[in-house]
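Peer 1: Could you slot chain Z onto chain A? The hints should help.
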Amino acid sequence: MNNFIKIKNLFFNYGEKKVLKGLEAEFSNADIVGICGANGCGKTTLLKIISGIIKGYEGEIEIFDKNIKDYKKKELVTLLSFVPGEVNTPFEFRVMDILLMGRLPRLNFLDSYPETDYNKIFDIADKIGIRSILDRNFNNLSNGERQLVLVAQALIQGSSVILMDEPTSHLDINHKIKIFDILKNETFSRKIKVITVLHDLKLAADYCDEIYFMNDGKFDFKLKPSELLSGCDKISKIYSISEDKIKRYIL
Amino acid sequence: MKKNKNLIFYKIFFSALLFFLFSYFSLTIPSDYDKDILINLRIPRFLTLIITGFSLSTAGMILQLLTKNPLADPFIIGTSGSSMLAIIISNIIGLKFYGFEYFFLILFFSVSATLISYRISVLSSSQNTSLLLSGIALNSFVLSIIVLFVIFSRDATVNFFHLSFGSFGYNEYRIIGYSFFIISILFIIISFLIEHIKIMAFDEEKAETLGVNTKRLKLVVFIIAAALTSVSVSVSGIIGFIGLMIPHITRKLFSNADLKILFLINAVYGAFFLLISDLAVKSLFYPTELPPGVISSIAGSVFFIWLVLKREKRNE
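Protein chains in written order, with this note's numbering: chain A, 14 to 264; chain Z, 4 to 319.
The set of hints was computed from the structure by calculation and includes no laboratory data.
Source: prediction; values computed, not measured.
Treat each hint with caution, since some may be false.
Claimed, not checked - Which chain Z residues face chain A? A few, computed with CB under 8 Å, are given here: (1) Lys71; (2) Glu198; (3) Ile202; (4) Glu208.
Glycine residues also receive a C-beta, built at the ideal position from the N, C-alpha and C atoms.
Isolated chain A (complex conformation) (with noise of 0.2 Å):
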């Protein structure tokens, strides 16, 4: 299978602090990439980069063998979209709008929002568990449940490729293990790909096909699940954590 995301080099600055160092990686045989690390290291900024908000790196990206510069920006919203860990907003929006939103890169100007897109929205919505909740304020509901907001958004972008933020970060076991049953079975179905931001070790040893780990702007090593506990001693030098602790915690 060839690459579906593939980062060579890639240096980038916050200013004069320098966050990303060369940093290379190739995923292809995972459907489920987890990407962790010590906060600040740089996750959030790889994946802004990734999805092309944030714009001056250097570097070379492939997404699918394509430079992502080379894709017109059309292809780009329709092939990738992106899981922000939280959003803050001063206006009130109605879940429901928010979530048409995943759908305005396939509405054709001028157009309004099919009625196609309305059920793929209530499908989705009774999928995740948030068909309650779709005519409340945004900003009125609890953590979690924004956060699930989010993600169905994504959802019903109908990308190929996810790419999410801690996306689970506030949400309880039952919801952290729906989200993440509901996109192992997307990559079956519908065949994409999702790479996420994790802090969760354990998490990310039940969903994630490979567990890449950043640490001073690079990734340092990668580990199947299966070798997460013979890697105990690498993860502790990233985390700064004794190697027990870290054994402990991972059984």
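Peer 2: Below, chain Z alone, put in the same frame as chain A:
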């Protein structure tokens, strides 16, 4: 959702009714009915009022949505002030009122001011407050330059007072016609961009990943807001706070309406507010004519303080 749609329809119907009622009274009070006065004074005044209301409330709404800052308004961020400076300069250098060069100069000044204000705010960490701060700085700067001109040029003095607080005095039908034409075009452009603006108001990063060219959209919306303000300041001087208050009121009253409808209601409510304040001034202070900017400033300042306090309370 059906119930909400009906409620919105009733609110719109009721608002339209009130609007026509107030329009009728505005055109016929005081009741010395003289056809000449009606056609040459009352109706132009009424139309100017509508132009101003439409432009300022729409400019305020799109600025607030785009910058995700509920305190944004063309007056506060310095756009109106710069338009005024441009008008004074064009008077001094003798540009024909409402000719092509005149409008272009006003537009240039107001767009530059808006962009400068925004640029400064982006560089700071707290974007909401710094937009206001850069607006204050810009307004102070512009005012000083205007005072300089007023001191050194007699033509400038004549215009200064009328422009500072607005006047709906005498405006030719030609100018009113041009203004409506310009506003219609701007409204059409906005209606094409409405879905994109809506997403920007939710989350800028999501907008980018949903296909919105955020950089270009910001530029276009700022230019449109500046253009709307230019039109308004050209025909009636500076009327502050309309762009701030009206979007808040419309959002409160019509919280369930889609943005496409909301933006039109918002424009009408802008005209509505000016209509009511003009009517109130004419009835209460007859025969003195108070500049309309005074009423909007009084109401607007109070509203602004209330808004700030409300936000502080919520942040506690």
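Peer 1: Against each hint, give a clear statement of whether it holds in the structure.
Peer 2: Hint check results:
1. Lys71: Check passed: Cβ of Z/Lys71 comes within 6 Å of chain A, closer than 8 Å.
2. Glu198: holds (6 Å)
3. Ile202: holds (5 Å)
4. Glu208: holds (5 Å)
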